[in-house]
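Mapping to this note's numbering: the sequence shown position 35 is 35, numbers consecutive.
Any given hint might turn out to be false.
Claimed, not checked - Distance windows between CB atoms, simulated:
#, residue 1, residue 2, range
1, Q24, D44, 17 to 25 angstroms
2, N15, A60, 28 to 36 angstroms
3, T3, V57, 37 to 45 angstroms
4, E26, R74, 48 to 56 angstroms
5, E26, N58, 22 to 30 angstroms
6, N58, T3, 17 to 25 angstroms
7, S56, Q24, 50 to 58 angstroms
8, V57, M1, 31 to 39 angstroms
9, N23, A60, 54 to 62 angstroms
10, F2, L54, 51 to 59 angstroms
11, R10, G32, 31 to 39 angstroms
12, K31, T3, 13 to 21 angstroms
Think of the hints as simulated: they come from the structure by calculation, not from any bench. Fair warning: this is a prediction, and the values are worked out from it, not measured in the lab. Just so you know, even glycine gets a beta-carbon here, dropped at the ideal spot from N, CA and C.
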Amino acid sequence: MFTVYYLDGRNVLLNQLRKSVPNQGEEVKIKGRKGIVTSVTAADERKIHVQVELESVNKAKLAAEDDKKKKKKR
């Protein structure tokens, strides 16, 4: 069993106790966001640090879509 720490830069996104370690280039989904594993390093015998590149979310586009839903015709 390994303790896997998913990191985005220096921010810890998630830590899990897993039987297997993710591979570099593998696609992952953390907290509803898609990402790709960029690097895997062993910090200790059981601790694994996994660097993840998450997709960016365009908040302006999401806000524009919400405005359309709120309009009501009278």
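Going through the hints against the structure:
Taken as a hint, the range 17 to 25 angstroms holds for the pair Q24 and D44, whose Cβ atoms sit roughly 19 angstroms apart. Distance hint for N15 and A60: a CB-CB separation of about 32 angstroms, consistent with the stated range 28 to 36 angstroms. Checked against the given bound of 37 to 45 angstroms, the beta carbons of T3 and V57, roughly 28 angstroms apart, lie outside it. Between E26 and R74 the C-beta distance comes to about 52 angstroms, which sits within the given range of 48 to 56 angstroms.
Judged by the Cβ atoms, the range 22 to 30 angstroms given for E26 and N58 holds: they are separated by roughly 25 angstroms. For the hinted restraint 17 to 25 angstroms between N58 and T3, the CB-CB distance of approximately 34 angstroms leaves it violated. The beta-carbon spacing between S56 and Q24, approximately 21 angstroms, falls outside the hinted interval of 50 to 58 angstroms. Distance hint for V57 and M1: a CB-CB separation of about 33 angstroms, consistent with the stated range 31 to 39 angstroms.
Remark: the range hint 54 to 62 angstroms for N23 to A60 is contradicted by a beta-carbon distance near 35 angstroms. Against the hinted window of 51 to 59 angstroms, the Cβ-Cβ separation of F2 and L54 comes to about 22 angstroms, which falls outside the hint. Restraint check, R10 to G32: a C-beta distance of roughly 21 angstroms breaks the suggested window 31 to 39 angstroms. Taking 13 to 21 angstroms as the suggested C-beta distance range, the pair K31 and T3 conforms, at roughly 18 angstroms.
Consistency with the previously given hints fails for numbers 3, 6, 7, 9, 10 and 11, ordered from lowest to highest.
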